[in-house]
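All chains should be modelled from the sequences, with the hints used to inform the complete structure.
Spelled out, the chains give:
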Amino acid sequence: MLTLVGEDRPGIVAGVTQALFDGGCNLGETSMMRLGGVFTIMMMTQHDGTTQSLKNIVQPVAKRLCLRFHVDNIEGRLHDHVEPEVRISVFGADRAGIVAQATGALADAGFNILHLESDVAGSEDKPIYIMQIEGVAQKGVEAVRKALETVAKEGIETSIEPIDTLIG
Amino acid sequence: MAVLEILTYPDERLKLTSDPVERFDQRLLSFIRDMEDTMRAGPGSVGIAASQVGRNIRVVIVDVSGKPDIKNHGKLTLVNPEIIQWDGLAVGREGCLSVPDYTGNVIRAEKIVVKAQDETGGQCEYEMEGFEARAAQHEIDHLDGLLFLDRLVSRRNDLFRRKVYKRSKHVNPGESNQEG
Ligand SMILES: [Zn+2]
Chain A
1 MLTLVGEDRP GIVAGVTQAL FDGGCNLGET SMMRLGGVFT IMMMTQHDGT TQSLKNIVQP
61 VAKRLCLRFH VDNIEGRLHD HVEPEVRISV FGADRAGIVA QATGALADAG FNILHLESDV
121 AGSEDKPIYI MQIEGVAQKG VEAVRKALET VAKEGIETSI EPIDTLIG
Chain B
1 MAVLEILTYP DERLKLTSDP VERFDQRLLS FIRDMEDTMR AGPGSVGIAA SQVGRNIRVV
61 IVDVSGKPDI KNHGKLTLVN PEIIQWDGLA VGREGCLSVP DYTGNVIRAE KIVVKAQDET
121 GGQCEYEMEG FEARAAQHEI DHLDGLLFLD RLVSRRNDLF RRKVYKRSKH VNPGESNQEG
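Here the protein sequences come in this chain order: A and B.
Position one of the first sequence corresponds to residue 1 (the numbering used here), numbered consecutively onward.
Position one of the second sequence corresponds to residue 1 (the numbering used here), numbered consecutively onward.
Treat the hints with care, as some may be off.
Chain A side only, calculated, beta carbon under 10 Å to chain B, not exhaustive [claimed, not checked]:
id : residue
1  : LEU78
2  : HIS79
3  : HIS81
4  : GLU83
5  : PRO84
6  : ARG87
7  : ILE163
8  : ASP164
9  : ILE167
10 : GLY168
Once the Cα atoms are required to be at most 30 Å apart in a straight line, the calculated DSS-like pairs of lysine-lysine come out as [unchecked claim]:
id : chain 1 : residue 1 : chain 2 : residue 2
11 : B       : LYS115    : B       : LYS15
12 : B       : LYS71     : A       : LYS146
13 : B       : LYS75     : B       : LYS15
14 : B       : LYS111    : B       : LYS75
15 : B       : LYS67     : B       : LYS111
16 : A       : LYS139    : B       : LYS67
17 : A       : LYS146    : B       : LYS67
18 : B       : LYS67     : B       : LYS115
19 : B       : LYS71     : A       : LYS139
20 : A       : LYS146    : A       : LYS126
21 : B       : LYS15     : B       : LYS111
Which chain B residues face chain A? A few, computed with CB under 7 Å, are given here [what the hints assert, rightly or not]:
id : residue
22 : GLY44
23 : SER45
24 : VAL46
25 : THR103
26 : GLU139
No wet-lab data here; the hints were simulated from the structure.
The C-beta atom is built at its ideal place from N, Cα and C for all residues, glycine as well.
This is the structure:
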């Protein structure tokens with residue numbers, strides 16, 4: 001797993017992926033996005049050498065684009081997708097602890113998070129926190145619904161809807 | 001019973017526009033039976049288009065009756081289908097027999113009216129909503145060489161989009177990102 005972060009500027013994705021391609025690497029699932037002013041990349045990277053030889057491939061481009069990077073040796077597999085069953089939205093006036101509170105309740109209810117994205121919106125003096133979560137309800141949707149109700153009492157609004165994936 | 005081979009992306013034949021059916025004969029009926037067998041053999045599929053099995057004719061089957069608690073018309077064979085009315089927009093998750101191992105979010109009309117012929121050529125019209133409307137739109141897209149991959153939207157903006165979309169009508173799915 002190759003992780004890179006650095007101040008956002010045009011050409012980061014192109015530069016990094018070209019260097020990996022030139023170095024004979026193969027990409028699998030990736031997540032790349034701008035968070036704050038920082039561009040973040042996490043990539044499943046297939047590389048036939050050592051951790052050090054991958055670092056040597058990334059080093060020059062990371063330096064040129066002012067990125068910090070990190071390599072974790074993992075045994076990741078492609079075609080290992082787990083389908084989310086439930087989509088949850090959590091939002092409310094921004095304050096410390098919303099994520100911990102909501103995800104703690106979800107964890108207790110047997111909810112396994114597959115994907116979480118959160119953002120701060122609203123205005124500077126009235127920020128709102130918005131979180132969207134997708135995952136699998138291992139102890140059933142009812143348990144998750146109950147857990148969210150306890151969270152909702154504390155000034156956070158929540159909604160839960162099943163994800164009914166259409167195959168056609 | 002014959003289960004046909006399903007073409008998978010990037011097979012170029014999935015991108016062809018299919019031709020209208022003009023002859024309603026025994027061959028068509030038997031092909032439609034094979035299409036249904038193929039759909040039933042797939043994992044939890046609620047629809048299939050002729051182009052997915054390599055025949056470029058405008059025939060789809062939609063059957064969402066196996067899903068609990070949703071409005072549906074049972075098994076529908078739609079020949080030369082045409083969507084004549086759209087209303088509302090909703091985000092939902094889709095996958096496809098022709099795109100194994102991937103699902104993504106797609107915006108579709110919430111309600112549609114479909115005009116079509118049945119397998120013997122009789123005219124029919126259906127008002128559909130929700131999951132069934134989504135299935136019909138997915139399958140009819142196949143007849144025009146479109147996959148759900150052509151209409152993917154990001155998860156990130158869902159919440160806002162859904163709110164905006166409820167207010168706006170007659171926007172082509174996937175083309176709109178206006179502020180409310
Ligand atoms: Zn399909």
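Problem - Pair hint LYS111(B) and LYS75(B), alpha-carbon separation not exceeding 30 Å - result: Cα-Cα ~18 Å, so holds.
Practice task
Given the hint that LYS146(A) pairs with LYS126(A), test it: the Cα-Cα distance must not exceed 30 Å.
Solution key: holds, 29 Å
Practice task
Take the C-alpha atoms of LYS15(B) and LYS111(B), compute the straight-line distance between them, and say whether it is at most 30 Å.
Solution key: Distance ~26 Å between LYS15(B) and LYS111(B) Cα, so the pair holds.
Handout entry: Proposed interface contact between ILE163(A) and chain B, which counts if any beta carbon pair is under 10 Å
Key = holds, 5 Å
Handout entry: Interface restraint verdict for THR103(B) against chain A (beta-carbon cut-off 7 Å)
Key = holds, 5 Å
Practice task
Could you check if ASP164(A) really has its C-beta closer than 10 Å to a C-beta on chain B?
Solution key: holds, 6 Å
Handout entry: Restraint check for LYS67(B) with LYS115(B), where alpha carbons must lie at most 30 Å apart
Key = holds, 24 Å
Problem - Given hint GLU139(B) near chain A, where the shortest CB pair must fall under 7 Å - result: With a closest approach of 6 Å, the GLU139(B) hint holds.
Problem - Restraint status (C-alpha distance of LYS71(B) to LYS146(A) at most 30 Å) - result: Holds, at about 27 Å.
Handout entry: Hint check: 10 Å Cβ-Cβ cutoff, HIS81(A) to chain B
Key = Since chain B brings a Cβ to about 6 Å from HIS81(A), closer than 10 Å, the hint holds.
Problem - Agreement of LYS67(B) and LYS111(B) with the hint, judged by alpha carbon distance not exceeding 30 Å - result: holds, 18 Å
Problem - Distance restraint between LYS115(B) and LYS15(B), which requires alpha-carbon spacing of 30 Å or less - result: Measuring from Cα to Cα gives roughly 23 Å; hence the hint holds.
Hint compliance for this structure: every hint is met.
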